[in-house]
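Enquirer: So you can see what is in the structure, the chains are spelled out below.
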Amino acid sequence: MHRNARWLARALGAALAARILFADAPARAQAGPPAAHEDAAFDFMNFLSQHNLHDINQESWNAYGQVTYISSWHPAFSAPYTNANGSINSLVPNAERSYTGSATLFLGFRLWPGGEGYFVPEAIEEVPFSQLRGIGGAIQNGELQKTGSPQPQLYRARTYLKQTIGFGGDKVEKTSDPMQLAAVVDARRLVITAGNFTILDVFDRNSISGDYRQNLINMAFMTFSSWDFPSDARGYSWGGTAELYWDDWAFRLGRITPPKNPNQLAIDFRLLKFYGDELEIEHDHKILGHSGAVRLVGYHNHVDTGRFADAIAAFEANPAKNAAACTGFNYGSGNADAPDLCWVRKPNDKLGIGLDLEQHITEDIGVFARGMYSDGQTEVDAFNPADRSIAYGLIAKGSAWHRPFDVTGIGSGLSWISSIHAQYLAMGGVDGFVGDGHLRQAAEGVFEVFYSVNLLKALWLTADYQYLWNPGFNADRGPVNIFGTRAHAEF
Amino acid sequence: MRSSRKGALLAIVLAVAWTSHAAAQQQTQGFALERFYPSAPGGGWLVMDTLDMRGGFGGVAGVTLGYAHDPLRVATTDGSQHLTVISDQAFADLGFAATYDRFRFYLNLDMPLAVGGNNGTVGAYSFTAPTVNPSATPDVLSDARLGFDARLVGDARSAFRLGAGAQLYVPFTGNPSYYLTDGTYRAMGRVLFAGDVGRFTYAGQVGVHIRPRDDAPTPGGPQGSELLFGVAAGVRIPLPGPPNTSVIVGPEVYGASAFRSFLGTDATALEALLSGRLEGTAEDGRQYRVKLGVGAGLNPHFGEPEWRFVIGIELFDHSTDRDKDTVFDSRDACPDVPGVRTKDPRTNGCPKPPDGDGAPAGNAAPGATEPAKPE
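So the protein lines, in turn, are chains Y and E.
Count the first sequence with the working numbering and you get residues 48 to 538, in order.
Count the second sequence with the working numbering and you get residues 2 to 376, in order.
For the record, the hints were derived by calculation from the structure and aren't laboratory data.
Check each hint, because a few of them may be wrong.
What the hints assert, rightly or not - Calculated Cβ distances over 10 Å to all of chain E for the following chain Y residues:
1) Ala170
2) Asp258
3) Lys504
Stated by the list, open to error - Derived, one-sided and incomplete: chain E residues facing chain Y with beta-carbon distance under 10 Å:
4) Gly57
5) Leu95
6) Tyr101
7) Pro139
8) Leu142
9) Asp144
10) Leu153
11) Leu169
12) Phe173
13) Asn176
14) Tyr179
15) Val338
16) Arg342
Yeah, the Cβ is synthetic: ideal placement off N, Cα and C, and Gly gets one too.
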């Protein structure tokens, strides 16, 4: 059953990929979601521009918005044990429903020459599967946050300043988009960003895959699953970045705040003591006239976390230092026979390096791939517990079948944990949101396929299927079929 | 052994007594403490409104930063017990508005920077101070404010302007214990007036704050719907430099009184600010206001602090169309001569040339064809 279902899912994906790849070459914009400012699409700024009320090519301000509702359901799946021995982090094997609803305003203002300010309030409501426990790097819905609740919560997602300093070269036209004021800038320039934002606003800007509101929904395709970038429990950080653009090259550096305790909302602002440093080198290119990019991403976290080896050693030396007896910050495991990271947290380092690729193969079809290797010695601090990950896929717009605003895509992602991480989980330990009490180590994987139908040039309705195997890096559990729908509107 | 039994008995008695005492205490809930309701983005004063919306489509972005000291002090009716529940309250309010002619639609989002104070008991009520700061609550927002204002009488510079406005407070935060929200929707309806007479400028408001939350008889809490009132007056001091650059200095006095005990001292808040602002409101180019205010509560009630400090910055702009040809002046090559819309910035908004050569026939933009001489 397991193998049959996996074979069927892969066959469906291959068939769809073949259909897309061998379709007639479309003749519209690049793959990925429709550009919000495209003349034919509806949005507020276009509306003003068309009525001669706004200069959409040289903006002093802009305002965009979005509303997204994502619903997921999984039927019951096979699991010989769940939350064994008092552990708490299993994906519940009964049928479950999850949903998120979000609404966002993207407000941007030009403050002075080269200076821009952005403010992004957002409201979200959510119900995850199993209180967001039991899935490692392939959480089925990228909208899900670690502090969400069924009641709508309004919060300030981003508040930051951006300063661009031109160094000449060719001129580059920046279009009007959410969090981007239309302007003509130098191809050689320094861009400094400071404030409250997500590091994904600046780094790993893969133009094909990354927006769970418009294409692949699973978090495995948002960015590297094993990139444990520091952030609060919603995914946002404080800090600063510097980007040097030099024609086809871009070099990025950043330092951002970690949470006070792993995966929590409270932030530690001591940026000289605890921090995440990010580095990216990007090269843009064209192959056969189609654009692409290669990005090398590295990170170094210096944060207050626990090493798996230390937790195991502490438990073996003194079994009283078990998960059920924690006195410091912990996730609430009741397993008295398991080690826990709560006993060994101290300033630790975590390192990782990854490669991100994107390539348009026609104007409307693009492929992407990401892979990252993290050292896997310390617990998850802010993102996912995966230590190594790859993800790849294809996104296409529907021009070939005369539905140019429709979007479809397929993708697959795999993530692994290190051997010491696996040993810790096998002993019954919990790491963030994984830890079933036992473990038969395996790579966690997901396959996803979706189709989005566009209505009224501003609304997309999506049908989505995901096939998740070895959830929580545990071959004893799953596979899990996940059926999803999404409604997304932009204005 | 006997001593041990006595000790146990004493412990039980004390525990029962403590439990009884604790049961008699009523834990209070937080509420929307702030009663400094900033003027709408572009409103001019810190609290009052100049009602000077004008021109074509325009926008305003503003930020107001403020600090209030001891904005929530509660006491028993006989004054025997006091507690400063909230001793420090700092906020940053971001406002955005769209204006057209005499209308304004706006959104305010208030980010608390710090809310803290003291836990304690006053009479039968137990108070718990929140811990709100950028580290513990990095992204919390107070109630969002949506508003609409319209000037009904007068123009943007007239001696008497009358308008009306409505505001809706949306309780997204959902956690009253932070003293940022009532946990319910609130609404305000206001009649606004303002004017400029020579160097004298004034503004005021009367309105109703529909507030479902009524915590009476809990001391220091909301008591239902309120009357809003306020007035401001100042002197405009022109500055050298660009036209319409000036400093306005004057007091603002404002407050609210719950209808439950109308104008009673235990239900009325009154505060005064000495405000000053530097503004540049010339029609061409971006306009701005930098505002500063210091003040104090005159009749201590919730939300009225011992003292307050406020600073605000507004940037605003609006398109003008002097020749009324629907091509706004910023893009009109002939801003004083009605014309037609073209894709060429050299001719956009200029009269259609009689010979069809595309050159403007009116007062052309610099570098364009020389205007035709009058007959």
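Enquirer: Hints first: check each against the structure and report whether it holds.
Expert: Structure-based check of all given hints:
1. Ala170: 6 Å, violated
2. Asp258: 21 Å, holds
3. Lys504: 23 Å, holds
4. Gly57: 7 Å, holds
5. Leu95: 6 Å, holds
6. Tyr101: Status holds, d = 9 Å.
7. Pro139: This interface hint holds because 5 Å falls under the 10 Å limit.
8. Leu142: Check passed: Cβ of E:Leu142 comes within 5 Å of chain Y, closer than 10 Å.
9. Asp144: 9 Å, holds
10. Leu153: Cβ of E:Leu153 sits 24 Å from chain Y, so the hint is violated.
11. Leu169: 14 Å, violated
12. Phe173: 3 Å, holds
13. Asn176: Hint on E:Asn176: holds, closest Cβ of chain Y at ~9 Å, below 10 Å.
14. Tyr179: 12 Å, violated
15. Val338: 17 Å, violated
16. Arg342: 7 Å, holds
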